[in-house]
Amino acid sequence: MSKLQTKRLILTLSIIISIAIGIGILLYTLKQNINLFYTPSEVLNNFEENHSNILTKNIRLGGIVVPGSVKTNKQASLNHEFSVTDNKYNIKVVYTGILPDLFKEDKAIVAEGKMQDKHTFIAQTLLAKHDENYKPPKLKNI
Amino acid sequence: MLQEIGLFFLILSSVFAFLQITLPYVNKNVNRVLINKLINVQILGIVFSFCILSYLFVTSDFSVLYVAKNSNLNLDFIYKLCALWGAHEGSILLWLLLLQIWFFIAKDKGYSFSVVNFVLLQYIIWFSNPFARIFMNIPENGLDLNPLLQDLGFVIHPPLLYLGYVGYAAIFCIALNHKNFIKNLELIQKINIISWGFLTLGITIGSFWAYYELGWGGFWYWDPVENASFMPWLLGTALTHNLIINRRKNILIKSSYLLIIYSFALSVFGTFLVRSGVLNSVHAFASDPKRGLYLLAVTLLIVAIGYVKFFKLTIASKKDKLKLSVKDILLVLNSLLLTISASIVLLGTLYPLILEVFEISSITVGPGYFNTVLIPIFIPLLILLGISPNFNKAIKSKKDIYKKISLLFATSFLISIFINILIYKIFDEIYLSIFIATFAFIWILVNLFYDIVINLINKKYSFVLKYLSFYIAHLGVAITLLGIAMSTMYVESTDVMLKIGDKTNLGNYEFILDKIMRVSKSNYLSKVAYIKVHDKKHDINFAMYPEKRFYPNSQMLLTEVALKGSILKDIYLALGEVVTDPKNMNIGHITLRVKIMPFIRFIWLGGVFIFIAALISFVRLRKS
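The listed protein sequences correspond, in order, to chains A and B.
Numbered by the working numbering, the letters in the first sequence go through residues 1 to 142 in order.
Numbered by the working numbering, the letters in the second sequence go through residues 143 to 766 in order.
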C-alpha cells in the first residue's frame, strides 16, 4: 500500500470505530435510562421469574386508584397510602410527598419507584400531569 | 348557517388550491396572473374561515362541537378568543392561516406551496373540521378551556411556535423549486432567521409557562412535546449557520437542503407525536390515532419528495469549492454537532414509540438519557462558540492566533476560578459541573468582549454593528447555560405540612402560614394560603399567596404557584392539599412545596437575547 492509501485506511477505520463507539455509548445510556411500565397483573405474574429485575430497578406502575383505599397520615399529611388496581390484582402504593392535582379515586395514575416486596410499591413520584380522562394505553380496556 | 359558511370557505380554498396545482398541467400556457388570482382567493378563503371561527368562539356558539368542547360562557373575552387554539382543530387552522403570510409574500416561488396548502386543507376538512355541528341537545354552556391553558403564557405560546413552524414549511416549499434554489437562498435566509427567532421565543415562553403553571417547578422535562419543538430548533440553528457559508461561498448547499427537509419534516412529525395519542405526555391535550396516521404519512411524503428533488439538485461547481477557511470549518462542525444532537433527541423520543407499536414493552426514556448523552456534545459546541469571534476576520498568521487564544483561555480560566471561589463562599458547596459551566460562560464572554473592545478601539464601528446579532445571540446562549447550571445545582427544595401558625425554614427564609381564605371567581373557586415570608439575611418581610383553584365546569383542580422572583433568585411556592374545617376557617392545614432557585430567570433571559439577535439580523438582511 502506498502512503496515501494507508492514511486513508487509517482515517476510514478511525471514523468507523468512533461512530461505532458513539452508537454503543448511546444505546447503553438509553438502556440505563428506560423505565419499564407495568400493570399490577404484570408485576405479580412476572414476580417469581423476573424477581431481580422487578425488585431492583425503577419501574412505572400504572393502575386505577381503588376507591376508598386512600389513607393519609393525619399527623404528617405528606405520607400517603393507597391501592392501584387493573381489576384483577391490587398493589399497595406508599408515597411521601404532595399529591398531584389530578390524583383522584377511581382515576388512572402512574407511579414511579420500586417494589419493596410482592405487595408494596414505594413511589418516588406520582405522574398525573395528563388530562383527567387519560389512561395509559395498557389500561384502556378497564 | 355561519358555521356552514366557515366550512364552505375551507372547501372553496381547497378547490382553488387544487386548481393552482392542476391548471399548469392542463394548459401549458396558463397565465401567471390567473394563478396569482387563484392564490389570492385561496388565501382570503382561509382568512375568512378563521375569522368566522373566531367569531363563533367570541359569541360562544355551542352548537359547534369544537367551541362547546373548549370554551365556556364564564371565560374572559381574551380566553374565549384564545380557546380557538386550545385544542387540535383550531391549532391546525391557525397554523394554516400563518402559513398564508409566507404564501402571500412568496407567491411566485413554484407550486409546492399550493400542494402543501391542499394537503393541509384536506386534512382539516376530512379529519379535523373545527366547524362540525351538534344538532341534537345543544348544550347551554360549554365544557371549559383546560384551566392550565387559561393563562397569558398560553395566549402567546402557540402562535409564536407556529410562526416558527410555518417558516420551515415555507422554506421547504421554496427549496423544492430546486432549479432556482440558489437564486432563492437570500429569501430563504430571511424567512429562516425570523422563523428561527419566533421558534426560540416560543420555546422560551413555553418553558416559562411550564415552570409556573404546571406546578412542579421544572423548566424542561424532555417530554415528547418539548422534544418536538426542540428538534426543529436544533436543525434550524444548524441551518441558520450553514446558510451563512452558502451565501458567502456557494458551498455546502446540499447540506442546507437536507436540513430544510428535516426541519420541516420534524415540525410536522412533532404535531403527529402530540396528536397521535401513542405517547404519554404532559401537554397532550387532545389526541386521535387516525389523525396521527395521516400526519405520519404526510411526514414520510415530505421526506420522500424532498429526496427525489434532492437527487435532481445540481450545483454548478466553482473554483473555490473546497477552499474552506477556519471559520467555515467551525461552522460545519457546529452544524454537524447540532444535527447529531437532534438525532439523539429523535432516538430518545422515538424509542418508546417503536417498542410500543411492536408491542415489545411499554417504556419511557428518562431525562437521564438526554442529559448524559447531550452534555458531552454541548461542551465542544460551547467551546467552538467561544472561540468563534476570533475567526470573523481573515487570519494573518497562525502563530498569532494560537497566542491570542491561549491568552484568552488563561484569562477565562483565572476568572472562572475566582468566580467559583465566590460561588463557594455564597452557597457553601461547589461542583465540577458548576466549574465547567461557569468556565464555558466566562470563556464565551471573554472572547466576545475582547473582540468587541478591540474593534471599538480600532474604530471599526461598522464591523461591530455588522456582527451585533452574532454577539447578542451568543451572549444569550451563555446566559441560558449559566441559568441552567446554577438553578439545577443550587436549588433548595422542601415539601412540608403546615397548620395555621406553623413555620418552616429554607435557605435564609422563614415561611409562616398566616391564614387560609376562600375566594370565588366567575369560573373557579379558590383556596388561597396567606404565607408570611421573613428574609432573615436582610430582615425584610413580605407575603406570598399560593392558590389551589377548582374549576367546576371541567371538574379540575389547578395549582396556582406563588412566585417572588428577581433576576438572581426565585422563591417558588406551590400548594398541595388545602384542608380546612368547613365551620371554622382558623383550623386547617396545607401541604406546601417550597423551592428557592438561583439564576433560574437567566434561562429565559438568554432565549429573549437570541430572539432579539434574530430580529436584528432580519432587519439587516432586509436592508442589504
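Take these hints with a grain of salt, some might be off.
To be verified - Listed below are the simulated DSS-like cross-link pairs for lysine-lysine, each with C-alpha atoms no more than 25 Å apart in a straight line:
| id | chain 1 | residue 1 | chain 2 | residue 2 |
| --- | --- | --- | --- | --- |
| 1 | B | Lys538 | B | Lys641 |
| 2 | B | Lys602 | A | Lys104 |
| 3 | A | Lys71 | B | Lys725 |
| 4 | B | Lys465 | A | Lys3 |
| 5 | A | Lys7 | B | Lys465 |
| 6 | A | Lys104 | A | Lys114 |
| 7 | B | Lys608 | B | Lys325 |
| 8 | A | Lys104 | B | Lys608 |
Derived by calculation from the structure, the hints in this document are not laboratory data.
Hint check:
Among the hinted pairs, lysine 538 (chain B) with lysine 641 (chain B) is inconsistent with the structure: their alpha-carbon atoms are about 71 Å apart, more than 25 Å. At most 25 Å may separate the alpha-carbon atoms for a hinted pair to count; lysine 602 (chain B) and lysine 104 (chain A) exceed this at roughly 65 Å. For the given pair, lysine 71 (chain A) sits about 23 Å from lysine 725 (chain B) by alpha-carbon distance, which is consistent with the 25 Å threshold. About 24 Å separates the Cα atoms of lysine 465 (chain B) and lysine 3 (chain A), which keeps this hinted pair within 25 Å; it holds.
Distance hint between lysine 7 (chain A) and lysine 465 (chain B) is fulfilled; the C-alpha atoms sit about 21 Å from each other, no more than 25 Å. The straight-line distance between the Cα atoms of lysine 104 (chain A) and lysine 114 (chain A) is roughly 22 Å, inside the 25 Å bound, and the hint therefore holds. With a C-alpha separation of about 23 Å, the suggested pair lysine 608 (chain B) and lysine 325 (chain B) falls inside the 25 Å cut-off, and the hint holds. With a CA separation close to 58 Å, the supplied pair lysine 104 (chain A) and lysine 608 (chain B) exceeds the 25 Å bound.
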